[in-house]
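Colleague: Here the structure of chain A is known, so what remains is to put chain B with the ligands in place on it, guided by the hints.
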Amino acid sequence: MNAPYKMPEGIILSAQNLKKSFGDNEVLRGLNLDIRNGEVIAIIGPSGCGKSTFLRCLNCMEDPTSGSIFFDGDDIADVRININTHRENIGMVFQQFNLFNNKTVIENIMLAPVYVGVRNYRQAKRKNGWIKFGNLFRKNKKDLLPLPTTPAQVKKQAHERAMQLLRRIGLEEKATVYPSTLSGGQKQRIAIVRALAMNPKVMLFDEPTSALDPEMVGEVLDLIKELANEGMTMVIVTHEMGFARETADRILFMDGGVIAEEAPPQEFFSNPKNERTKEFLSKVL
Amino acid sequence: MGSLSSAWNVFYEQMITKGGYKTALQGLFTTIEIAVLGLVIGIILGTLIALVKVMPKNNPAVKIGSVICDVYVGFFRGTPMVVQLLLGYFVLLPMLGVSSDAVVVAIIIFGLNSGAYVSEIMRAGIQSVDPGQLEAGRAVGLPFWPAMLKIVIPQSIKNILPTLGNEFIVLIKETSVVSFIAVVDLTKAFKSIGDATYEYILPYVMLALVYLILVLFVTYLIKLMERRLRRNERTV
Ligand SMILES: Nc1ncnc2c1ncn2[C@@H]1O[C@H](COP(=O)(O)OP(=O)(O)OP(=O)(O)O)[C@@H](O)[C@H]1O
Ligand SMILES: [Mg+2]
Chain A
1 MNAPYKMPEG
11 IILSAQNLKK
21 SFGDNEVLRG
31 LNLDIRNGEV
41 IAIIGPSGCG
51 KSTFLRCLNC
61 MEDPTSGSIF
71 FDGDDIADVR
81 ININTHRENI
91 GMVFQQFNLF
101 NNKTVIENIM
111 LAPVYVGVRN
121 YRQAKRKNGW
131 IKFGNLFRKN
141 KKDLLPLPTT
151 PAQVKKQAHE
161 RAMQLLRRIG
171 LEEKATVYPS
181 TLSGGQKQRI
191 AIVRALAMNP
201 KVMLFDEPTS
211 ALDPEMVGEV
221 LDLIKELANE
231 GMTMVIVTHE
241 MGFARETADR
251 ILFMDGGVIA
261 EEAPPQEFFS
271 NPKNERTKEF
281 LSKVL
Chain B
1 MGSLSSAWNV
11 FYEQMITKGG
21 YKTALQGLFT
31 TIEIAVLGLV
41 IGIILGTLIA
51 LVKVMPKNNP
61 AVKIGSVICD
71 VYVGFFRGTP
81 MVVQLLLGYF
91 VLLPMLGVSS
101 DAVVVAIIIF
111 GLNSGAYVSE
121 IMRAGIQSVD
131 PGQLEAGRAV
141 GLPFWPAMLK
151 IVIPQSIKNI
161 LPTLGNEFIV
171 LIKETSVVSF
181 IAVVDLTKAF
191 KSIGDATYEY
201 ILPYVMLALV
211 YLILVLFVTY
221 LIKLMERRLR
231 RNERTV
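For the record, the sequence lines run as chains A and B.
For the first sequence, this note's numbering gives the first residue as 1, with consecutive numbering after it.
For the second sequence, this note's numbering gives the first residue as 1, with consecutive numbering after it.
Same shape as in the complex, but just chain B:
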């Protein structure tokens, strides 16, 4: 018991007296920043790709676009996130001769990566809607896009949203690798707190708790949103 209470004292001093909480909060903020902005970019990219993928393939531009999307999705789903970060930060950036904040690079790579996953989520969501729905829309005279926008896509949201929430949770957890390109995120912040005192138990337990709370909170938000969407389906 003694060692735990002394560990607590060391942790307390490092966190409060020596201002470690500031590093931790900064790290938390960076983690959320990368995950949220990454998801936003991912949703925009993923939507565009999914739309290209579900378009009728009766014109060559769509076919070429579809192949490009396949290559992109294949690359980002086929390589680890860490490798993509390393490539982006240590290879692509010097090659382009631009210097950029590592956080910005992380956001962009996370956005590109999640775009690949989100596009698959959206495509699957759209394709899970009964084809009869689009057909009935086209049969009354709606062109392809209005029929998609008014009938198919609203119905696909119900399927997409929970999976999208899942993707957000994955992103939050995956941000823990950004220290590979020297970004100080939540994980790196707590590691540095541990490093300063050689006392790792409490920092790492705390770290796990913070991730857990973050994820549980997001899970709760997703449940809330899902329930709202369902309500729409019920009888008056």
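Chain A with its partners taken away, still in its complex shape:
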């Protein structure tokens, strides 16, 4: 494996020459994207051009056919990398919400933080066990690792954090209900804070409002805008042009498996250069 990749200053995630095929169908034909810290990127483009596929490659929900994705010093497209620990730092929000149906709202939010916290505790304990065993034979005793928070503390903290997130979106009274009883807008906002509970460094949204009734689109977009204002790094696939123009720092137009055009929103919408972009915008605006 190569030496750890040195990310250029200020870049948090970098896709390089990313390609993805499904069988003979080459969906992504070599995309490059550097995502800057705190940047909000909106991806638009005609249906079937590979927006979802691109987004899903960024956290390796789809394994890229070739190319690299650098995140936290690793090429996460490399199958030898433990993708799970990296995914803890990449939040993802789905069109269909995908709340865990067998868990209450608060359990949905707590699941991953508790899993990771308990796992870290167990790992540290196991390592200490080996150190203690080694110490039986050592002259210079090795120090034990400091133990991270205990599972009970992990759960308590995760619960507090989850309640705080629920209060933030005004749904604290829904903490103990199952997702099936919620409206689409509520589900999606909870899905967003579920991702937030892991304190991700970057968040990926795949058409977060496309499955919502029109009257609920606003509440979800408002929450995403709030996150943008707080400096969250985000990549958002969307058909909401008004939202993209208002919120994004950069618009990517995808077509034919490549990024056909990219520009800040002002320039992108008022002065598109690519013919396909013009054609697309004339249809959706």
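Watch out, some of these pointers could steer you wrong.
[As the list claims (entries may be wrong)] The calculated lysine to aspartate or glutamate pairs, modelled on EDC-like cross-linking and capped at a C-alpha distance of 20 Å, are:
#	chain 1	residue 1	chain 2	residue 2
1	B	K57	A	D78
2	A	K103	A	D34
3	B	K150	A	E88
4	A	K103	B	E120
5	A	K127	A	D143
6	A	K201	A	E88
7	A	K125	A	D143
8	B	K57	B	E135
9	B	K63	B	D130
10	B	K57	A	E62
11	A	K155	A	E88
12	A	K201	B	D130
13	B	K150	A	E107
14	A	K6	A	D72
15	B	K57	A	E172
16	A	K51	B	E135
17	A	K103	B	E226
[What the hints assert, rightly or not] Derived coverage of chain B by chain A (criterion: at least 3 residues anywhere in the stretch with Cβ under 8 Å from a Cβ of chain A; other residues may be distant):
#	stretch
18	129-136
19	151-161
20	197-204
None of these hints come from the bench; they were simulated from the model.
Virtual Cβ for every residue (Gly too), placed ideally from N, Cα, C.
Modeller: Coordinates of chain B with the ligands only, in the frame set by chain A:
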């Protein structure tokens, strides 16, 4: 009417006075024993096979395991239970040179047979859960197995349990063929009661009733369990 009352007298004498009820109870016990233990073995085997089948096929060991499972499931679903019993008892056992109680053989064959069916029930149950559920679990950083155990499998139980109950009922009824390898089950017991008196009406009607009651009882238990599982889904 006369003949029925005399038939009743003959049956009563055979059952009570001559101790036929003991044979019947013994047979009932054997039937339940084979069905229950067969199902237990079947659930264990079926779960293992289903897990192999739903694992991501990105390593050769899983692929080979998956092919072996296919062959196994194909054989046990593709041949009649009676044939499997005969093969087990009259072919495999002598070939291996071991002697074993016919009931044990029946339990093992029923276990192997139901393992094949249960694996399909479980695989279907797991695959009926929206793939978005696993995806969301993986997206927050859970590895494959924790995501399956915490999210997908609990949701699949709801789909699996009723079908599994059905499989148990099928097993109970299918035990009626074990007399082919000389096991005395419920059917064989009542047949012998009939044989002793050449009076078959009451023994066989009774036999049918006992199976029916058994099956209705199991059906009731399944309903009960289903209701408990559903409750989990409701609002607080
Ligand atoms: N798992 C898959 N297996 C095979 N083909 C796939 C798979 N996922 C996507 N594709 C194909 O890849 C192409 C791009 O799909 P993708 O979902 O990325 O498009 P999209 O831009 O997100 O479209 P939309 O706006 O409709 O969501 C399509 O032709 C689709 O059929
Ligand atoms: Mg899409």
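Colleague: What hint numbers does the structure not satisfy?
Modeller: Structure breaks hints 2, 4, 9, 12, 15, 20.
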